[in-house]
Structure formats: C-alpha cells, structure tokens
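Engineer: Each chain, letter by letter, is given below.
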Amino acid sequence: DTEVTQTPKHLVMGMTNKKSLKCEQHMGHRAMYWYKQKAKKPPELMFVYSYEKLSINESVPSRFSPECPNSSLLNLHLHALQPEDSALYLCASSHKTGGLGEQYFGPGTRLTVT
Amino acid sequence: GENVEQHPSTLSVQEGDSAVIKCTYSDSASNYFPWYKQELGKGPQLIIDIRSNVGEKKDQRIAVTLNKTAKHFSLHITETQPEDSAVYFCAASLGGTSYGKLTFGQGTILTVHP
Numbered sequence: 147d148t149e150v151t152q153t154p155k156h157l158v159m160g161m162t163n164k165k166s167l168k169c170e171q172h173m174g175h176r177a178m179y180w181y182k183q184k185a186k187k188p189p190e191l192m193f194v195y196s197y198e199k200l201s202i203n204e205s206v207p208s209r210f211s212p213e214c215p216n217s218s219l220l221n222l223h224l225h226a227l228q229p230e231d232s233a234l235y236l237c238a239s240s241h242k243t244g245g246l247g248e249q250y251f252g253p254g255t256r257l258t259v260t
Numbered sequence: 162g163e164n165v166e167q168h169p170s171t172l173s174v175q176e177g178d179s180a181v182i183k184c185t186y187s188d189s190a191s192n193y194f195p196w197y198k199q200e201l202g203k204g205p206q207l208i209i210d211i212r213s214n215v216g217e218k219k220d221q222r223i224a225v226t227l228n229k230t231a232k233h234f235s236l237h238i239t240e241t242q243p244e245d246s247a248v249y250f251c252a253a254s255l256g257g258t259s260y261g262k263l264t265f266g267q268g269t270i271l272t273v274h275p
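From first to last, the protein sequence lines stand for chains A and B. Using our numbering, the letters of the first sequence correspond one by one to residues 147 to 260. Using our numbering, the letters of the second sequence correspond one by one to residues 162 to 275.
Excised from the complex, chain B in its bound form (with noise of 0.2 Å):
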C-alpha cells in the first residue's frame, strides 16, 4: 500500500520566516494531495491541496509544489505568524479506487516564535 514519509517533524521558525515541510509517497499512481493543519484540541482543518496534473498552487501565504517524477510535494508557508504554530500533517490519496482513503505523513509541529 502506500507510504507517506514526512520531514522534518519539528521545525521552529521566527515570526517572518518561511517554513517549508517535504513529503515522499511511495505509489505512483496517488493522484490526491492535501495539506492539513492540526490546533492543538481541534480535528485537521484542510488548508490546501494538490492534483496530479497540477505542478504548483498558490493561496495567499501558503503554496504547495509537486514533482510527480521525484514522488515528493511540499509545503512552503511565507511570512509566518504565531498563528500558524500547530501540527501539519500531508497526505496522499490513490484517487478513483479507494474511496478516499488518506495515507497520512506523521506530522510536523511547527512553532512560530513572535
């Protein structure tokens, strides 16, 4: 089945900072990648995702890439905020087939220092 590998699984940033989170997936065929970010005491809110035929997506200070050859896509988050200080967690889906089904990355917690 697939696998999802996540780094780092800590990053500590200073307010203003970029940060960026990398994810591998292990099945060719996962055509379905979201970004999700977990507050603590909260369920994962989805703050963005990619497709298969979508190189880059950009929303206001987050973007994700793909490099479907290599098997890996990222999170960049720009001029980061204390705000933005939580658990970050990718995900790939086999899309067409599984009903669904996330294969998660084990997470990244992210503290943003003001």
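This is chain A alone, in the form it adopts within the complex (with noise of 0.2 Å):
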C-alpha cells in the first residue's frame, strides 16, 4: 500500500486565521515532505523531514511552520497568509532518504486564502 492521506482535502481561511494540514502514511516511511504547487505548475519543495527531524527549509516564509510529532504524521501550520498562498499543497513520503528513494505524493489540500 502507497497511500499517503491529507485532511483537510479543501481549506478556505481568512489572512488573520491558524490552521493546521495533516498529512498520514502507515508505510514505515522516514522522509517526509511539504511541496506547494500553483496551478499549471510542477510542485515546489518546502521542507523536507528526515527521521523526524526537519532538514531542509526551502526559504519558506515563516508563516508556513511544519511540524512532524511521530515518524506517521506531519503537520503545516498556517498563521497570517496571504491571497498568494492560495495553492494546492502536497505531502509526499518516501522510505529512504538521501533522493534515492521513491516518493509517493497525497491528494493534497487545496488552500484559498482570502
């Protein structure tokens, strides 16, 4: 089983609203991602988590703040978004990490902010 699983799978928040994304896989996996990806366009890296440890912080601005409680979930917290944020947000896991290991992709959360 590939599944990795994304609530909410629709988000419509205010600029001054907090909310949380959540992201699941049950598949052993120790790498998980954050990835943004605008309309007609190919998803771009946010933060990487590696053995539940964050390892890669793509110049993400600090109103977008991951969090990975266990080796199971991860969270991205919102706080104070812009109109720009508006995009569909991806989680992704793999098993190895390093680049060498297959990364399977949720159905993401599809964000309006307005």
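Don't read these hints as lab results, they were simulated from the structure. Certain hints may be false.
List of simulated lysine-lysine pairs, DSBU-like, C-alpha gap at most 35 Å [claimed, not checked]:
{"#": "1", "chain 1": "B", "residue 1": "K198", "chain 2": "A", "residue 2": "K199"}
{"#": "2", "chain 1": "B", "residue 1": "K203", "chain 2": "A", "residue 2": "K184"}
{"#": "3", "chain 1": "B", "residue 1": "K229", "chain 2": "B", "residue 2": "K218"}
{"#": "4", "chain 1": "A", "residue 1": "K164", "chain 2": "A", "residue 2": "K182"}
{"#": "5", "chain 1": "B", "residue 1": "K183", "chain 2": "B", "residue 2": "K229"}
{"#": "6", "chain 1": "A", "residue 1": "K182", "chain 2": "B", "residue 2": "K229"}
{"#": "7", "chain 1": "B", "residue 1": "K232", "chain 2": "A", "residue 2": "K187"}
{"#": "8", "chain 1": "A", "residue 1": "K168", "chain 2": "A", "residue 2": "K155"}
{"#": "9", "chain 1": "B", "residue 1": "K218", "chain 2": "A", "residue 2": "K186"}
{"#": "10", "chain 1": "A", "residue 1": "K164", "chain 2": "B", "residue 2": "K198"}
These numbers were taken from a predicted model, which means no experiment stands behind them.
From these two lone chains plus the hints, build me the complex, please.
Structural biologist: Okay, structure coming up:
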C-alpha cells in the first residue's frame, strides 16, 4: 500500500486565521515532504523531514510552520497567510532519505486565502 | 543547481497512438529520474522511474529511457488510452546529498482523443 492521506481536502481561510494541514502515512517511511503547487505548475519543495527532524527548509516564509510529531504524521501550521499563498499543498513520503527513494504523494489540500 | 527542461508542453494523440515526452537535465551528478502522472484534482502519481545505472526500464505500456551522456531521458507510452490523459512531470534528483530534493520539469499536458 502506497497511500499518503491528507486532511482537509479543501480549506478556505482569512488572512488573520490560524489553521493546520495534516498528512499521514503508514508505510514506515522515514522521510516526509511538503510541497506547494500552483495551477499548471510543477510542485515546489517547501520542507523535508528526515527521521522526524527538519532537514531542508527551502527559504519558506515563517507564516508556514511544519511539525513532525512522529514518524507517521506531518503537520503544516498556517498563520497570517497572504492571498498569493492560495495553492494545492501536497505531502509526500519516501522510504529512503538521500534522494534515491521513490516519493509517494498524497491527494493534496486545496487552500484558498481570502 | 539542477535544471530540468521538459518538452512538449502539450501533446495531443489519437487513441492507440504512441506518445513520447522528453526531458533534459543540467547536473551530470543527478542519478534518479522519476515520472509522475497528475490527473485533475489529484496528487502526482509515480508511474515509473529509472536510476543512472540503467539505460531503459519498461512496465507494460510505459517505458523510460536514459542517456547519461546527453543528459536526457524520455517517457514512452504505447497504445494510448483516454485514461492516459493527464499532466506528466519528469524530475531529477541528486541522490545522496540533497535529502530527496526533486527538481521537476514544467509538465506536459497529454490529451488522448477517443
């Protein structure tokens, strides 16, 4: 089973709200990723967690705050977002760290910031 | 850093025809090349991948070829079906040093006409 689940599926939030996106995998993968995808564009890497530790932050603004409570869960906390942050947020996981493991993506959360 | 160019940006074929999508990469140290299919409203789905020690890999109707000297790789879909219609992304990864960072091409919108 190569399933990554994400909740919620859709989220609408105002610029002053605080919300969280959740990602879960039960494949025993030790690397988890957050990507942002704008319409008609490829996914852009935001964060990488390796063995529950943040290993890559692609210079993402601090209004996005990732958290990895355990090896199966990945959260993305959102605060004071801007309308240009509206996008599809994708979570992925892979068995291997170091770039040689297949990455499996979840269905994404469609975020709209009003 | 790595740069991946993908062509064509759109591809229209008749059902039963073959489709070929090509990508070139810039960093000769890249050693992992996955292909993803993304249907409308869904996350990217890994459909095939190839590592730099292999020249070709096939899985039923899809195949990927890699030319390390020329730094390009291609996706071949034979006997196309309407359900193959989607956006296809190629990617390259510098395994071993970059914690799984995938650099994506810009995507190809494939339309298979019945």
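Engineer: Which hints from the list above does the structure break, by number from lowest to highest?
Structural biologist: Every hint satisfied by this model.
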